[in-house]
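Q: Input sequences plus hints: build the corresponding full structure.
Chains Y and X, in that order, give the protein sequences.
Quick note: the first sequence uses our numbering, first residue 1, plus one each step.
Quick note: the second sequence uses our numbering, first residue 322, plus one each step.
Mixed in with the good hints, there may be bad ones.
Okay, the calculated bits of chain X under chain Y, using three or more residues with CB under 8 Å as the criterion [stated by the list, open to error]: (1) 327 to 336; (2) 351 to 360.
Partial selection, computed: residues in chain X whose CB lies under 10 Å from chain Y [said to hold, decoys possible]: (3) Ser348; (4) Tyr365; (5) Arg368.
Just so you know, these hints were derived from the structure itself, not from any lab.
Backbone N, C-alpha and C fix where the C-beta goes; we use that ideal spot for every residue, glycine too.
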Amino acid sequence: MSATALDSPDVDVDPGLQEQFDATIAAERRIEPRDWMPEGYRRTLVRQIAQHAHSEIIGMQPEGDWLLRAPSLRRKAVLLAKVQDEAGHGMYLYSAAETLGADRADLTDRLIDGRQKYSSIFNYPTLTFADVGVIGWLVDGAAICNQVPLCRSSYGPYARAMVRVCKEESFHQRQGYELLLTMMRGTPEQRAMVQDAVDRWWWPSLMMFGPPDTDSPNSAQSMAWGIKRHSNDELRQRFVDMTVPQAAFLGVTLPDPDLALDPSTGRYRFGAIDWEELKRVISGAGPCNAERIARRRAARDDNAWVTEAAIAYARKHEARS
Amino acid sequence: MSARAGWPLYEVFVRGKRGLNHVHVGSLHAPDDEMAVHAARDVYTRRNEGVSIWVVRADAITASSPDEKDPMFAPSGDKVYRHPTFYEIPADVPHI
Chain Y
1 MSATALDSPD
11 VDVDPGLQEQ
21 FDATIAAERR
31 IEPRDWMPEG
41 YRRTLVRQIA
51 QHAHSEIIGM
61 QPEGDWLLRA
71 PSLRRKAVLL
81 AKVQDEAGHG
91 MYLYSAAETL
101 GADRADLTDR
111 LIDGRQKYSS
121 IFNYPTLTFA
131 DVGVIGWLVD
141 GAAICNQVPL
151 CRSSYGPYAR
161 AMVRVCKEES
171 FHQRQGYELL
181 LTMMRGTPEQ
191 RAMVQDAVDR
201 WWWPSLMMFG
211 PPDTDSPNSA
221 QSMAWGIKRH
231 SNDELRQRFV
241 DMTVPQAAFL
251 GVTLPDPDLA
261 LDPSTGRYRF
271 GAIDWEELKR
281 VISGAGPCNA
291 ERIARRRAAR
301 DDNAWVTEAA
311 IAYARKHEAR
321 S
Chain X
322 MSARAGWPLY
332 EVFVRGKRGL
342 NHVHVGSLHA
352 PDDEMAVHAA
362 RDVYTRRNEG
372 VSIWVVRADA
382 ITASSPDEKD
392 PMFAPSGDKV
402 YRHPTFYEIP
412 ADVPHI
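A: Structure follows, in structure tokens:
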């Protein structure tokens with residue numbers, strides 16, 4: 001979708017409707033499902049909410065890979081609960097997208113066909129159990145930075161879904177950090193595993209906030225509509241500032257020689273992000289893109305008989321009663 | 322049409338605890354009412370958020386127009402005498 005398409009006014013729209021919409025946004029009140037809204041607003045929301053939902057669903061895979069290999073029953077129970085939460089978050093978000101007239105099954109098809117995206121972060125592999133901890137700490141930590149402001153998004157159902165998601169993300173981040181603290185108290189090999197996982201996930205975590213503000217064409221409109229509350233770079237900076245002291249407490253280093261506190265601002269300066277890598281991974285050439293989509297496709301196709309059988313059963317019972 | 326599209330949409334309402342009303346929390350697709358309740362438990366009450374769940378087919382709900390300027394809500398706009406603050410009572414009257 002081009003910025004021009006977003007900016008162009010809807011044709012044949014009662015100007016009173018546009019005025020009422022603008023006034024609602026300006027007054028920081030929420031837009032609700034059956035309100036009139038500009039087509040661009042609806043399209044942007046469907047795209048963003050669907051992408052968010054897809055990220056939650058695909059996000060089950062990297063950690064799901066460790067469910068059968070968790071080192072203890074406690075860690076397995078925690079990881080199961082976390083992966084189940086990701087499924088739940090996906091459901092809240094698909095539910096919000098449907099209030100805009102989208103169809104859940106159609107959105108899944110779009111994900112599988114590559115017409116809609118999901119977060120680039122889930123295209124990296126989880127090589128050791130330390131990755132589970134680092135995902136909780138860094139990836140969910142970044143997700144929290146992104147999602148907390150979305151609790152004030154102008155679209156009511158999206159904002160409400162985000163409130164539920166954020167409540168649960170806090171558990172995700174804390175279990176990850178606790179896991180890492182435990183490993184750091186372990187053997188030298190375990191500490192090395194944690195450091196290795198941090199080295200691999202740090203830069204991709206910073207990329208989760210999206211392209212730099214200078215290269216984010218739709219951001220300004222999204223912020224004007226109150227769909228987005230802060231710019232990508234602003235949120236990324238906030239994440240770095242929160243995370244550096246946590247890394248120090250943990251006893252790991254972050255793989256950035258340029259990372260340093262700027263005494264004049266109290267914020268951390270960090271090195272240049274490899275935007276080419278982000279583009280590569282988003283466009284499908286990351287280490288696990290093909291595997292993630294293949295598994296989602298298999299889940300849809302191989303389980304189709306279950307959904308068909310359930311509806312056939314329901315119809316049979318309806319007919320009898 | 323995909324199989325999933327054949328599952329109707331249900332709206333989900335949860336009673337957070339005894340003494341509170343059921344509140345709308347979201348929606349889901351399910352093949353029938355019973356499965357909808359089970360799915361609602363898994364999706365919306367993983368952390369003791371509820372003691373009771375209602376599900377209702379979305380196509381069974383009739384709603385007013387959401388427009389605030391709708392004449393539907395106009396009659397309540399100009400009847401200030403329905404509010405207790407409309408009545409002036411001297412400040413020294415107790416318990417009123």
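Q: Look at each hint and say if it fits the structure.
A: These are the hints, each one checked on the structure:
no., hint, result
1, 327 to 336, "holds (count 3)"
2, 351 to 360, "holds (count 3)"
3, Ser348, "holds (5 Å)"
4, Tyr365, "holds (8 Å)"
5, Arg368, "holds (8 Å)"
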